[in-house]
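Protein sequences appear in the order of chains D and Y. Letter by letter, the first sequence follows residues 0 to 536 in numbering that gives the first Met the number 0. Letter by letter, the second sequence follows residues 0 to 315 in numbering that gives the first Met the number 0.
By construction, these hints were calculated from the structure, which means they are not laboratory data. Treat the hints with caution; some may be incorrect.
To be verified - Mimicking PhoX-like on lysine-lysine, the simulated pairs with C-alpha atoms at most 20 angstroms apart in a straight line are: (1) D/LYS303 - D/LYS282; (2) Y/LYS303 - D/LYS289; (3) Y/LYS303 - D/LYS159; (4) D/LYS446 - D/LYS303; (5) D/LYS303 - D/LYS269; (6) D/LYS246 - D/LYS289.
To be verified - Computed spacing ranges between beta-carbons, pair by pair: (7) Y/PHE158 - D/LYS159: 26 to 34 angstroms; (8) Y/LEU284 - D/GLN395: 42 to 50 angstroms; (9) D/SER61 - Y/PRO152: 44 to 52 angstroms; (10) Y/GLU312 - D/ARG70: 21 to 29 angstroms; (11) D/SER418 - Y/VAL96: 31 to 39 angstroms; (12) D/SER164 - Y/SER149: 53 to 61 angstroms.
All values derive from a computational prediction rather than experimental measurement. C-beta: ideal position from N, C-alpha, C; glycine also.
Below, each chain spelled out in residue letters.
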Amino acid sequence: MPQGGLTIYAVELENISKTFPGGVEANKNITLRIREGEVHGLLGENGAGKSTLMNILYGFLSKDTGRILIRGEEVELQSPQDAILRGVGMVHQHFKLIPPLTVTENVILGLEPVLKRLRAERLVETKHFSSLLPIDFRGAADRIRRIAEENGLHIDPDAKIQDISVGLQQRVEIIKTLYRNADIVILDEPTSVLTPQEVDDLFVTLEKFKEAGRTIILITHKLREPMVLADRISVLRDGELIGTVNKEDTSPEELARMMVGRPVVFRVEKGPANPGGVVLAIKDLTVQDKRGITAVRGINLEVKAGEILGIAGVEGNGQTELVEAIAGLLKSREGNILLNGKDITGLDPREVREAGVSHIPEDRHRRGLILGFTIAENSTLGRHHRAPFAMGPGRQVLDLSEADGITEALVDTYSIKVSDIHSLASTLSGGNQQKVIVARELSANPKLILAAQPTRGLDVGATEYIHNVLVSMRDEGAAILLVSAELDEIMSVSDRIAVIFDGQIVAVKEPEATTAEELGLLMAGHKQDQSSAEAVV
Amino acid sequence: MQTGDPMLELMGWLLKATLQMATPLVLTALGGMFSERTGVVNIGLEGMMLVGAFSAVAGTYYVGSPWLGLIIAVIAGGALAGAHAIVCVKFKGNHIVSGTGIILFGLGSTTLGLQVVWGKQGLSDSVERIPEVVIPQLRDVPMLGTAFGSLSPIIYFMFIITALSWYVLYRTPFGLRMRAAGEDPSTLDAAGVSVEWTRIVGVVLSGALAGLGGAYLSIGFENAFGKGMTAGKGFIALAALIFGNWTPIGCFLAGLFFGFVTGLQFIFPILIPELVTLTNLVKILPYALVIVALAGIRRSIPPKGIAVPYEKEVRV
Ligand SMILES: Nc1ncnc2c1ncn2[C@@H]1O[C@H](COP(=O)(O)OP(=O)(O)O)[C@@H](O)[C@H]1O
Ligand SMILES: [Mg+2]
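Bound-form chain D, shown alone:
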């Protein structure tokens, strides 16, 4: 707010640079000023350096050069404690919560109130011997309850983090900043884990924060969000600050251009689908997850040759288990999975693969790649036991030169940026890692492609590329099951959309005949009046 012609800044970052030990220049000479009481959008593609910059402001990462001023005072942040005590709070992209601990324990960690006398009202650092005094759990829980009520963020302070939904976990993170009396609140990609309705709730909360005079920094890679909420928007690209604009003076198109460096097409270019016979048929499939909880409850689905069926749903509603059951990674409890009429239920992953199923797994580090293997080795995984990768009696010996040749060809066709096919997969960027998986999986000439969150964490370029590859595989007659948490992706790539909620398919829609709002409601479990009858695909 201007005072006597002077703008008061909550935060001033001056000439911040940061290079990570691996050599990545995440921030290049960034100067960014955040006004007191504004909502400031920080926009940029994945990998642009947004999280790095804000973690520096939070004292969680060190900077190489530059100055930080908080309310005009220059600060040297040695640890997050220094930032916390100056009123800076941060909700991290990957929540900083400890699953086996309770909400209260997570909220008070680092600023635990001791002794009943203090009644958890005053925040004091507990150091040395005072950290051996009894924690005032009751007082802390009361304070959390009060903060929750004042801000419309209802929560049970005694619940364990591992037992509550992701949406609630985010509330805990927000409460954590309020508990610490933060008046400069950084939210790092807060909407990426929420349903559209939860996003609306979050925005209502943030409006309240703004009315209360708090300064908010909202990090996002989605164009829509800062346009709704922010007063000013700064765009980062490749570690550089491209510019800061007022919301009134800009448009989504301009922001997109700033973000990517070129005009962006928002829809995937594809012709109409030309569906053939049924490739994948799922009948009454029931699957339990690793903990023995039923995650898929009697799903019926069909995917035809030459079509992309998109599964829309909030993460954790059974889509992981559905895909893993088809891929043979999880055993189903009931029901059948048919591939071209042949029963593949209960086959092991290798047999499923050999039957013509390719799998782009949702967790590329756990299921898709061995990070400590080279790109060439990763490209042969899953087919390493057959010609042309294996040779000799009983195919017991790897033919490494053959593998190299094939990998070179894949790297070429899929334009994967690698310095050398013998470097480790861990040295690639997320986008190129994903391309290695896609190349390997699609080069097997699959009849069915399971694509689970295939573009998660990728920049616009890589995302576009993968969408185009999927569409061209479809046009060549492959059946594709696409699972994604991004509604935009589902709506622009799919030929049909099935909505999954609580382990069941609750609706099937044509992308032209539905809206993001309708799908959002279905994903959140709101029943539909008439269409529940057509829930069987």
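Since the structure of chain D is already known, use the hints to place chain Y with the ligands on it.
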């Protein structure tokens, strides 16, 4: 002492043997818990016990008071653990390698110490023991008299320390931070607490308790130091820690159970005289039972961040 029912006497005696055998295990397991709950694997407990056992006797020998010897043992165990902490936490060394070094150092340094202090190879000179707590009123009660009539105060400490450990771990800011350091150090760091410091204190505490456990062996139960006198008790304590699922009550119960099984080894030949000739076989029994117990255990869940060095800027 009157001779009562011999069966009752035997049970009283087994009770006492259980407590005696369990005390060093429980103390050391609790120590291991403090280290591992903060995220540092501690297979070096055996070495820390040995150093504790030796320093207790050497301290008593020089200073003349077993109580001071006990304090010296706790400090020596803590100091050795401090070395482990610095290697693992400060220099991000491998916990198993460092722990192995601690074991070998414990064995080597105490053997050398025997030579230097007493000029002996196997057994030190005798020193004064920590006097036992005698409850005269219990003397003549059958069974209870045998079991509790005269016990080392360290056995009572063991109960108190179990309760204290529970209090510290679950009721204090420091305990919360220790649990956080072992589960997810990055979250603790983001909360503004030093992960390194929390872990170092946890590890030093483990050495202090293992030192106390060792001291019980040398100046609580015996009155001298013998070469390698811990005879694997540090490892059994480690097993008790895992068996007890890294919790204070669990360590306590598992330690008592292992102590009981060890006590049985003395009882069997009395009950079944044919076994007398097979003493070596009987001695294996508790260890065999430990393996059976560990194999049959419900899945125990170690702290998530265990054995992972925490480096601020490194992506996980
Ligand atoms: N701890 C780290 N070590 C090495 N490189 C990192 C680390 N964290 C982030 N990076 C790299 O720095 C760049 C910026 O990352 P980040 O700030 O997370 O981007 P954003 O939040 O905008 O998606 C990326 O190229 C990323 O791979
Ligand atoms: Mg980020």
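Status of each hint after checking the structure:
Proposed proximity of D/LYS303 and D/LYS282 is supported: the alpha carbons are some 15 angstroms apart, at most 20 angstroms. Among the hinted pairs, Y/LYS303 with D/LYS289 is consistent with the structure: their alpha-carbon atoms are about 18 angstroms apart, no more than 20 angstroms. Restraint check for Y/LYS303 and D/LYS159: the C-alpha separation of about 16 angstroms stays at or below 20 angstroms, so the hint holds. This hinted pair checks out: D/LYS446 and D/LYS303 have alpha carbons roughly 10 angstroms apart, not beyond 20 angstroms.
For the given pair, D/LYS303 sits about 17 angstroms from D/LYS269 by alpha-carbon distance, which is consistent with the 20 angstroms threshold. Between D/LYS246 and D/LYS289 the alpha-carbon distance is near 46 angstroms, which puts this suggested pair outside the 20 angstroms criterion. The hint said 26 to 34 angstroms for the Cβ distance between Y/PHE158 and D/LYS159, and at roughly 30 angstroms that hint holds. Checked against the given bound of 42 to 50 angstroms, the beta carbons of Y/LEU284 and D/GLN395, roughly 46 angstroms apart, stay inside it.
At about 50 angstroms, the CB distance of D/SER61 to Y/PRO152 agrees with the hint of 44 to 52 angstroms. As the Cβ distance of Y/GLU312 to D/ARG70 is approximately 27 angstroms, the hint placing it in 21 to 29 angstroms holds. Under the hint 31 to 39 angstroms, the C-beta atoms of D/SER418 and Y/VAL96, about 33 angstroms apart, fit the expected range. At about 58 angstroms, the CB distance of D/SER164 to Y/SER149 agrees with the hint of 53 to 61 angstroms.
In this structure, only the earlier hint numbered 6 is contradicted, and the remaining ones agree with it.
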